[in-house]
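Please build the complete structure, drawing on both the sequences and the hints.
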Amino acid sequence: MSALESPQEDVLVSVRGLKTYYSLRGSFGQRLVGREAGHVKAVDDVSFDLYRGEVLGLVGESGSGKTTLGRTLLGLVPATEGTVTFEGEEITHKSERDLRALRRRMQIVFQDPHASLNPAMTIEQSVGHPLTIHRIARGGEYRRRVSEALETVGLAPAEQFLDKYPSDLSGGQKQRAVIARAIILNPLLLVADEPVSMLDMSVRAKILELMLNLKREFRFTYLYITHDLATAKFFCDRIAILYLGRIVEMGPSAAIYDDPKHPYTKALLRAIPEPDPLRSVPRDLPRGEVPDAASPPLGCSFHPRCSVAFEVCGWESRDLRDLLEIRWAQLSEAEFEAERSTIGDIVPLDAPSTSFRLAAGSGREGGDVLTLLETIRRETPDEPFWKGVRKLTAADRYVEVELFTPLVPRLLPLGSSQVECHLYDHDALQEAGNRRAETL
Amino acid sequence: MSVRALRVYYGTLRGTVRAVDGVSLDIGAGEVLGLVGESGCGKSTLGRGILGLLPEGAASDGEVLYNGQNLVTMSDKELRGLRGPELGLIFQEPMTRLNPLMRIEEHFAETLKQHEPSLDNREVRRRSLETLGRMGIPPTRFRQYPHEFSGGMRQRIMIALALVLRPKLLIADEPTTSLDVIVEAQILRILADLREDFGTALLLITHNLGIVAEACDRVAVMYAGQIVEEGSARQVFSEPAHPYTRELLRSTISLDTTKLHSIPGAPPNLIAPPSGCRFHPRCPDAMHVCVTKAPIEQALDGSRRVLCWLHGPAGEVPDDGWSQLERQQIAVAEEA
Chain P
7 MSALESPQED VLVSVRGLKT YYSLRGSFGQ RLVGREAGHV KAVDDVSFDL
57 YRGEVLGLVG ESGSGKTTLG RTLLGLVPAT EGTVTFEGEE ITHKSERDLR
107 ALRRRMQIVF QDPHASLNPA MTIEQSVGHP LTIHRIARGG EYRRRVSEAL
157 ETVGLAPAEQ FLDKYPSDLS GGQKQRAVIA RAIILNPLLL VADEPVSMLD
207 MSVRAKILEL MLNLKREFRF TYLYITHDLA TAKFFCDRIA ILYLGRIVEM
257 GPSAAIYDDP KHPYTKALLR AIPEPDPLRS VPRDLPRGEV PDAASPPLGC
307 SFHPRCSVAF EVCGWESRDL RDLLEIRWAQ LSEAEFEAER STIGDIVPLD
357 APSTSFRLAA GSGREGGDVL TLLETIRRET PDEPFWKGVR KLTAADRYVE
407 VELFTPLVPR LLPLGSSQVE CHLYDHDALQ EAGNRRAETL
Chain A
4 MSVRALRVYY GTLRGTVRAV DGVSLDIGAG EVLGLVGESG CGKSTLGRGI
54 LGLLPEGAAS DGEVLYNGQN LVTMSDKELR GLRGPELGLI FQEPMTRLNP
104 LMRIEEHFAE TLKQHEPSLD NREVRRRSLE TLGRMGIPPT RFRQYPHEFS
154 GGMRQRIMIA LALVLRPKLL IADEPTTSLD VIVEAQILRI LADLREDFGT
204 ALLLITHNLG IVAEACDRVA VMYAGQIVEE GSARQVFSEP AHPYTRELLR
254 STISLDTTKL HSIPGAPPNL IAPPSGCRFH PRCPDAMHVC VTKAPIEQAL
304 DGSRRVLCWL HGPAGEVPDD GWSQLERQQI AVAEEA
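From first to last, the protein sequence lines are chains P and A. The letter at position 159 of the first sequence is residue 165 when you use the working numbering, and the numbering goes up by one with no holes. The letter at position 314 of the second sequence is residue 317 when you use the working numbering, and the numbering goes up by one with no holes.
Read the hints as simulated data drawn from the structure, not as lab findings. A quick note: this is a predicted structure, and the numbers were derived from the prediction, not measured. You can trust all of the hints, since none of them are fake.
Distance condition first, Cα-Cα at most 27 Å in a straight line; then the derived DSS-like pairs of lysine-lysine: (1) Lys80(A) / Lys116(A); (2) Lys171(A) / Lys116(A); (3) Lys221(P) / Lys262(A); (4) Lys393(P) / Lys272(P); (5) Lys262(A) / Lys272(P); (6) Lys25(P) / Lys100(P).
Structure (structure tokens):
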């Protein structure tokens with residue numbers, strides 16, 4: 007591949023240390039005294055290169071920051087930190103006016119075709135709108151270029167569609183019209199944000215086929231944003247897996263699908279429903295859901311759901327609350343009441359901490375709480391949380407819980423991929439071993 | 004539950020939409036039946052028609068037999084008595100079905116007291132917590148409001164709310180559509196285990212064939228208001244008898260997909276469906292008979308049935324009916 011010979015030249019977009027934070031509004035009182043309520047790290051220190059003519063898949067669940075990343079790349083959302091270089095030009099600090107000129111070369115296709123076309127504009131007006139905005143063509147030339155774009159995306163003969171309104175078109179036809187609008191200016195980069203997820207199964211293949219054909223014909227570079235690993239496998243040359251704003255694994259498609267490294271990637275692949283009657287519902291799924299990005303877990307963001315997490319992955323007070331609640335959901339009412347009354351208020355656990363107190367219930371003592379914790383530990387020895395416990399000490403009215411200090415994972419090269427997981431970080435493994443030895 | 008020749012028609016300005024047109028189905032006790040098809044083929048209408056939950060302007064006839072009673076001819080009041088304790092429904096969007104101003108506790112109290120007024124508060128609490136616990140919702144969150152839960156948790160709460168009345172049959176209409184893939188798999192696992200955990204039968208309506216393959220015993224494939232094939236999930240998926248089932252399976256993009264495939268054209272408009280077999284304009288195997296005569300349902304080996312002339316009956320096919328239909332190119336203009 008020529009990318010290897012002259013990598014600089016073949017990089018179309020280069021993203022370095024990109025961060026996009028949204029500030030939280032907070033209460034009226036907080037705003038009155040000028041105090042910020044904090045922020046959501048939608049994209050948190052992401053770096054990658056996008057080569058000319060390649061299809062890079064950004065895959066993640068909702069809340070992973072994949073859509074924000076795509077929009078930051080196009081300058082639709084301001085970046086908080088870091089750089090995006092498009093054809094050698096840094097674009098994160100450009101003015102709206104300069105960006106507008108750039109947008110002739112980068113376009114986006116949104117998820118919902120029904121919402122991306124103005125219902126009051128004809129297909130000709132919608133698809134040709136970029137020509138008008140950028141003052142490129144008028145009159146006969148305008149109509150000729152719109153017709154050409156429509157026929158390129160398969161809406162042929164174009165005359166049949168020019169005067170129609172979006173409501174006259176089916177979902178697949180609308181998505182074709184949206185793609186026609188995106189390619190009418192001959193862009194270099196197309197960001198496709200879930201372009202097929204709103205469409206029926208039988209139509210998805212047609213739209214993907216169209217996008218592949220367009221790529222072959224016009225040498226487009228695609229950033230394909232999706233939650234669906236099955237379509238990404240078919241469509242992408244490389245895949246980046248996002249979780250809570252960070253890339254946790256990135257590599258060539260073949261490596262990601264044949265030999266996934268990160269526990270999250272493995273879980274995602276296992277969870278895809280396959281139309282194979284011999285397969286049954288997977289039993290070993292990660293528990294819970296993507297946590298709130300406004301207060302992400304300490305250490306590795308995936309640790310609360312990870313079945314192979316260990317000493318340094320980021321154990322904290324909220325994990326203990328989750329552990330207790332998951333347990334209580336399975337107990338009978340009487341058993342639950344008995345355990346619940348032994349322990350006092352559990353709300354303080356919501357403030358993330360690695361050294362905290364678990365209060366005893368009224369009339370109970372720290373020793374009772376410790377006994378209960380030890381019982382739970384004995385009954386669930388495989389629960390990864392216990393690996394993170396450095397010390398449990400009973401005091402009069404509470405148990406002092408000390409957990410190991412978390413390490414933040416680093417994105418490290420591994421074979422042809424990059425992975426952000428302590429399991430593949432020699433230093434982290436060694437550190438965990440040291441800590442284990444310390445408690446013995 | 005037995006459905007016999009059920010028809011549901013809607014009146015619209017452009018004509019009568021035959022959304023469900025002569026559907027027969029059986030759902031055994033504790034069975035998980037999947038209902039699949041493209042959007043606009045009448046799946047959701049069938050699900051609602053079974054429960055008598057049809058909008059104004061819809062008419063239905065045929066039979067929906069449950070414990071010897073016909074739900075189609077039943078009065079609204081009698082139906083209301085059955086819905087909940089006997090027949091439950093789970094919708095797509097859990098947030099829109101929970102009242103944002105009511106605590107989870109109040110949702111359960113309202114449901115249980117409505118249908119079982121004799122229960123005292125202790126028993127209401129015990130039943131609610133037990134069902135929630137089996138869905139993985141801890142008792143510590145019983146007094147919270149719907150907005151304090153994540154999407155997957157809300158769907159678990161909705162399922163618990165339907166199950167707390169111990170219905171014999173649950174109808175789930177695209178229950179995992181708006182959920183992330185891992186959460187979707189978690190919910191599917193819960194649904195697939197309903198039989199063991201609650202002895203509840205399930206009708207799972209979805210457009211995702213992968214979901215059906217993983218969670219269902221039997222599957223019914225619906226096209227243009229009719230069931231075109233039905234059989235055990237294993238059989239239907241490994242050797243589909245109807246060309247529509249086969250094409251639908253081939254066009255599903257999965258991790259094993261190596262070549263993209265799609266079905267030309269779109270599901271027909273149900274005001275004036277195509278003559279003969281409704282799939283013939285899109286069918287790669289269509290014969291001349293398929294245009295002129297509606298296919299007759301055929302029983303195949305086992306408990307399988309199919310609505311397609313390829314499976315006979317041969318005696319009904321006219322002599323010139325066997326030849327392959329010349330297929331016209333279907334333009335994108337007609338696609339979905």
